[in-house]
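Student: For the protein sequence lines, the chains are B, S and U, in the order given.
Going by the numbering used here, 139 is the number at position 135 of the first sequence; the sequence numbering is gapless.
Going by the numbering used here, 92 is the number at position 91 of the second sequence; the sequence numbering is gapless.
Going by the numbering used here, 209 is the number at position 205 of the third sequence; the sequence numbering is gapless.
Among the hints, erroneous ones may be present.
[Claimed, not checked] On the chain B side, residues computed to face chain U include the following (Cβ under 10 angstroms):
1. V63
2. A64
3. L66
4. V67
5. E68
6. G70
7. N71
8. A72
9. V73
10. P74
11. D119
12. R121
13. V150
14. T151
[Unchecked claim] Away from chain U, derived, C-beta distances all over 10 angstroms, residues of chain B:
15. E97
16. P111
17. W142
The set of hints was computed from the structure by calculation and includes no laboratory data.
Source: prediction; values computed, not measured.
Ideal placement from N, C-alpha and C gives every residue a C-beta, glycine not left out.
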Amino acid sequence: MTRTVLPARRQLLGVAGGLVLGLQLRTARAVSATATLAEVERQWAGGQPVREGRVQLEVAPLVENGNAVPIRVRLDSPMTAVDRVQEIVVFNERNPQRDVVRFSFGPACGRAQADARIRLATSQQLVALARLADGSLWSHHVDVIVTLAACVES
Amino acid sequence: MADEPRVRTLIHGTNALQRGVPAQIRITLGHPMENGLRHDGYGNVVPRNLATRFECKLDGVLVVAADLYPAIAANPFLAFWLRADGPGTLSFEWWGDNGFHHRETRDIAPA
Amino acid sequence: MTAARVLVAVLASGVVAAAGAQPQPRRSGLDFMSPALQALQRDDAQNPAMLWVQDGALLWRTPAGATGQRCADCHGDAAVTMRGVAARYPAWDAAAGQALSLAGRINRCRQRHQQAPPLAAEHADLLALGSYLGLQSRGQPLAPPADDRLAPLRAQGQQLWQQRLGQLNLACAQCHDQHAGQRLGGAVIPQAHATGYPIYRLEWQGLGSLQRRLRSCMTGVRAEPFAPDAPEWLALEAWLAVRAAGMAVETPAVRP
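In isolation and in its complexed conformation, chain B is listed as follows (with noise of 0.2 angstroms):
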């Protein structure tokens, strides 16, 4: 069931009891801020297996500081025409929104690989999922501890 989205401005649609609406436009998409991170993977891979492996998301495993976390995100392939990775996205388990960042690789992508600083609430699940030019779907979850700066500006 889909529900058409103004393609201009980018929202939040909520869960309504159980439907999940997915909608692939070129700059929105509906993401539930409630969703767990479960539901938000099995949205993504509609309906197909999800296998854990080949995609890496790196991340350190301690976060001293939530404000900035680098993370990287790679699956490596030949990235020929056939042979590539389509998309590599992350979700995280704790944020108030479940997204963290969507990488599309086009032709003159020379590596499935990329990197990007996040910020991480508080100590979650992030998952990395990649989709292959073959229809195959990927993933990595990774566990991460945050522990916050002390001295918070008022």
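Given the coordinates of chain B, assemble chains S and U onto it according to the supplied hints.
Tutor: Quick look at chains S and U alone, frame taken from chain B:
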């Protein structure tokens, strides 16, 4: 002098490229990435103001695109890998809330 | 001047360090950070502060004020002429008849030579110029001048450092001299050497001055921060420069 604040970016890795050899490009966008959940000193909510999408293209061909969410830290940093087989023009483009849009280009000449 | 000679000269100028007060060996806040954050500071391609440094380089070459003078018109290439300058501040300014921080000196130049208004401490342009000039001293030892005229200011700063403040009734020295390296909540207490200012503080998600950091320390012990133009800020900065004399300048640093 323009009234709107200048968009600041750092772009590294577009020099010293070699034909056909993957090279890492690292970029930073100066942007507060306000998630709309913080409060200022008076207890008022600081309004949401996010950069939401980034695209890098080589002569119009996509290198990498990224959808950015509130979990991305302020002054968003991204690194990705380019493979250029010859000279061309790289474009770096960002979009975000409040009509935010910024585009820059770099000419490349891989050896 | 070598670090040792600086220390001897400074001590000879009348500043008395409380016996056994300073943590030894002296360690930068960089040492107390995780490897990932250390990498963030050390890599100019990743350090967010470089956004401000880039601006500072641009401002250096931009006409300002009624005269339309650029910093570069008098000072040329900052990488050459400003090398080591930031490491020697706060310094006595003869024309002003008082000590000035680097930010204060930049503002004086703006007023005197560009006929441009002075900038507030957290103004983006002042932070940009401060970080750009600080970068020209990066890696060099902090070298507070052996200047007797700075002695009263440094003594005042040292006294403030040792003075209990706020509802928590804590002195800077208690945390950062006596308990540095121990933990407060989830974080390690650093020695608090001001070697990397202006800093990109993760909590601010932006660049800020030493004054801003000190202000949040005072708020942290539930003390009313000094007024923005109070002389106490410069006194503390002057004392901190002596306290960290010889340590490497890290501007622009990244800190939690």
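Student: Decide, hint by hint, whether the structure agrees.
Tutor: Hint check results:
1. About 9 angstroms separates the beta-carbon of V63(B) from the nearest beta-carbon of chain U, less than 10 angstroms, and the hint is met.
2. Annotation: A64(B) was flagged as interfacial toward chain U, and the flag holds, the nearest CB pair being 5 angstroms apart, inside 10 angstroms.
3. Satisfaction of the interface hint for L66(B) is found here, the shortest Cβ-Cβ separation to chain U being roughly 8 angstroms, below the 10 angstroms cut-off.
4. Given hint, V67(B) at the interface with chain U, holds; its Cβ is 7 angstroms from that chain's nearest Cβ, closer than 10 angstroms.
5. With 10 angstroms as the threshold, the beta carbon of E68(B) comes within range of chain U, its nearest partner Cβ sitting at about 5 angstroms, so the hint holds.
6. Annotation: interface hint on G70(B) holds; nearest CB of chain U at approximately 9 angstroms, less than 10 angstroms.
7. Interface restraint check: N71(B) against chain U, minimum CB-CB distance 4 angstroms, threshold 10 angstroms, status holds.
8. The interface hint given for A72(B) holds, since its Cβ lies 5 angstroms from the closest Cβ of chain U, which is under the 10 angstroms cut-off.
9. The beta carbon of V73(B) is positioned within 10 angstroms of a beta carbon in chain U (closest approach about 7 angstroms), and the interface hint is therefore held.
10. Checking P74(B) against chain U by beta carbon gives a least distance of about 5 angstroms; that is within 10 angstroms, so the hint holds.
11. For the restraint placing D119(B) at the interface with chain U, the shortest Cβ-Cβ distance is roughly 9 angstroms, inside the 10 angstroms limit, so the hint holds.
12. Because the closest C-beta pair between R121(B) and chain U is about 8 angstroms apart, less than 10 angstroms, the hint holds.
13. Restraint check, V150(B) versus chain U: the minimum CB separation of about 9 angstroms is within 10 angstroms; hint holds.
14. Taking 10 angstroms as the C-beta contact cut-off toward chain U, the hint placing T151(B) at the interface holds, the least distance being around 4 angstroms.
15. The Cβ of E97(B) sits about 20 angstroms from the closest Cβ of chain U, beyond the 10 angstroms cut-off, so the non-interface label holds.
16. The beta carbon of P111(B) is kept farther than 10 angstroms from every beta carbon of chain U, the shortest such distance being approximately 25 angstroms.
17. No beta-carbon of chain U comes within 10 angstroms of the beta-carbon of W142(B); the shortest separation is about 25 angstroms.
Going through the hint list in order, the structure satisfies each hint without exception.
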